[in-house]
Amino acid sequence: MTTLKDKAAIVGIGETEYSRNSGMSNLGLLLQAAKRAVEDSGLSIKDIDGVIPGFMGITAEDLISNFGLADLRYSTTVHMGGASAVASLQTAAMAIATGIAHNVVCLIGWNGYSGMRAGAVGVQMQTMPTMPMMSNLREFEMPFGSFVPAHWFAPLARRHMHEYGTTSRQFGAVAVAMRKHALLNEKAMMKKSITIEEHQNSRMIVDPFRLLDCCLESDGAAAVVVTAAERAKDMRHRPVYIMGIAEGHPDSPDQIPNRPVFTEVGAKKAAPHAFAMAGVTPKDIDVAMIYDCFTWVVICQLEDLGFCKKGEGGPFVEGGRIELGGELPVNTHGGLLSQAHILGMNHVVEAVRQLRGDGGAAQVKNAEIALVSGFGDLGDGSVVILRR
Amino acid sequence: MYKKPLPRPTLESKEFWEGCKRHELLIQRCRDCGSYRHYPRLLCPKCNSENTEWVKVSGKGQVYTWAIAVQPFHPGFAEDVPYAMVIVELEEGVRLMTNIADSRPEDLYIGMPVEVVFDDVAEEVTLPKFKPAGK
Ligand SMILES: [Zn+2]
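Chains as they are written, first to last, in numbering that gives the first Met the number 0: chain A, 0 to 387; chain B, 0 to 134.
Source of the hints: derived by calculation from the structure; they are not laboratory data. Heads up, a few of these hints could be off.
In silico DSS-like pairs for lysine-lysine, Cα to Cα no more than 30 Å straight-line [as the list claims (entries may be wrong)]:
| no. | chain 1 | residue 1 | chain 2 | residue 2 |
| --- | --- | --- | --- | --- |
| 1 | A | Lys268 | B | Lys128 |
| 2 | B | Lys13 | B | Lys3 |
| 3 | B | Lys59 | B | Lys3 |
| 4 | B | Lys128 | A | Lys309 |
| 5 | B | Lys3 | B | Lys45 |
| 6 | A | Lys34 | A | Lys309 |
Residues of chain B clear of chain A, computed beta-carbon distances all greater than 10 Å [to be verified]:
| no. | residue |
| --- | --- |
| 7 | Pro6 |
| 8 | Arg7 |
| 9 | Thr9 |
| 10 | Glu14 |
| 11 | Glu49 |
| 12 | Glu52 |
| 13 | Gln70 |
| 14 | Asp79 |
| 15 | Met84 |
| 16 | Arg94 |
| 17 | Arg103 |
| 18 | Glu114 |
| 19 | Glu122 |
| 20 | Ala132 |
Just so you have them, the derived chain B footprint on chain A, three or more residues with Cβ under 8 Å [stated by the list, open to error]:
| no. | stretch |
| --- | --- |
| 21 | 199-210 |
| 22 | 251-261 |
None of the values given here were measured: they were computed from a predicted structure. We put the CB at the ideal spot given by N, CA and C, even for glycine.
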């Protein structure tokens, strides 16, 4: 049986500044991140023959015309919101493994603060044809006051609290851990430590989500270069191999109210496939980057990914377990909650840094295997397992 | 002047909204396998039949979950905060996003029995809302 395991590797990473006011266009940010990723790999921009631009702000045509790509062999865009960054690695690896393309750039980013506010996606993206759930939201939910991601996911979090006794203080443990990690990351937008008490006292946005349960809104972009494993060895940096990868779609992906189970997301379906391909188990993961648009989303995914049993995610995140030095360090860059909201590509970049040994003050000792999850739209999931 | 967003019915959903205007809650049911579905769909997701009828349902159900909007994100709801966005599960098994009339957010609980009421918010549009059962 053919498999994607170890067929492709990430050989280049690139990021723009992360800020609230980039002063650049979306296109400018995305091109800068892509260019930096190619430079990091040691390839020439002209070597790029595959592109997977994110679902907004840039197209394959923009990349061809700005980079002067003479023979682009493959282009596509993944429409899974915040799950797109990780899912695009799967598409890149497939194109490479089949010989369709050799060097593929995956990129995503936005002016998520100075442009369209990330927290108001839904109000502002009402007509965005690339978000397939929008027509349902517009017709059946916005008339009742449900507009933005915090509105969509808070009812799921309340069910999780009801069914398993998950608490707001446990949400707070996620926020505190992400902030601790952000203080070690020079690109992080958040520079001040927080406590559980400060989390508990932060103002309610959408009950049960407080301000410190909600991720940042950021301007910025990030990109990676994926190439074939056999060529990756000869490049500038130690390659990071794609061991296992999968996407997963929740039942009822285009609306939440009629979802059969409120306490599971797409990661639940993706994880078994990704782990089976990689031939490892959750116990083998040294460091995890978990998509963290909201604190509760981290707790739910940790369960769905198999790091703990369903319903035990709340206790799991307590006691420093997901902090550096803990059993499973999560989001060593600070995540969307405290580094920046770069739609999860910053999670991929951080996983590569950790596996290269370039994690700086946040380096997890001897990190050999990392997991990155994506979470997007109404709970689409994507999971990649990477090794050095 | 009603400032909240109004639904724009489609070919697939217009029976639902026309039912609401008559103060009837209509839900799609598959004529082949009998399963109910919502939001409106062309095909039955269970058996893929396109053979569908609109059935007037009891309008009785219970609170499945909810969230309370504290910060307003839309000018039409600015004066309503804090308000509850409630997911109600009907006796027939399907769920709707709605609001609960005559109820404070702090009185909500999962399993709370509710029944449909119709809010004629605009000349052409009636929204299905709910109230505590028997109240
Ligand atoms: Zn059927």
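Those earlier numbered hints the structure runs against, lowest number first: Hint check: 1, 4, 5, 6, 7, 8, 9, 13, 14, 15, 16 fail, others pass.
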